[in-house]
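All chains should be modelled from the sequences, with the hints used to inform the complete structure.
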Amino acid sequence: MFMVMNKTMININEAKARLSEYARRVKKGETIILCDRNRPFAEIRPLQSLDQRRPFGLVKGLFQVPEHFNDPDPEITALFNGSR
206 MFMVMNKTMI NINEAKARLS EYARRVKKGE TIILCDRNRP FAEIRPLQSL
256 DQRRPFGLVK GLFQVPEHFN DPDPEITALF NGSR
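Numbering-wise (this note's numbering), the sequence shown opens with residue 206 and increments by one.
To be clear, the hints were calculated from the coordinates, so they are not data collected in a lab. As the structure is a prediction and not an experimental result, all values here were calculated from the model. Please note: incorrect hints may appear among the correct ones.
[As the list claims (entries may be wrong)] Pairs of lysine-lysine residues, derived as DSSO-like cross-links and limited to a Cα-Cα distance of at most 27 angstroms, are as follows: (1) Lys221 - Lys233; (2) Lys212 - Lys232; (3) Lys265 - Lys232; (4) Lys221 - Lys232.
Here it is as structure tokens:
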């Protein structure tokens with residue numbers, strides 16, 4: 206095991222032998238990088254909270270919806286009407 210930029214790098218054999226320990230560390234916020242013969246190939250990190258909703262209006266003011274946004278598309282209408 207060795208540390209790189211606040212991440213712990215471990216070989217796959219060590220991960221298999223001590224999975225419960227590393228799972229606890231990930232739950233506390235640590236990132237674990239899995240290696241095969243000291244070559245990184247995967248990262249185990251905590252998930253961002255899945256039950257937390259994004260705040261409403263997060264991108265307010267960053268773009269405007271065009272007036273014609275909900276207008277029917279003439280090409281698609283023609284396909285439904287069988288004319289093309």
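The hints, checked one at a time:
1. Lys221 - Lys233: holds (19 angstroms)
2. Lys212 - Lys232: holds (14 angstroms)
3. Lys265 - Lys232: violated (33 angstroms)
4. Lys221 - Lys232: holds (17 angstroms)
Consistency note: the structure conflicts with earlier hint 3 alone.
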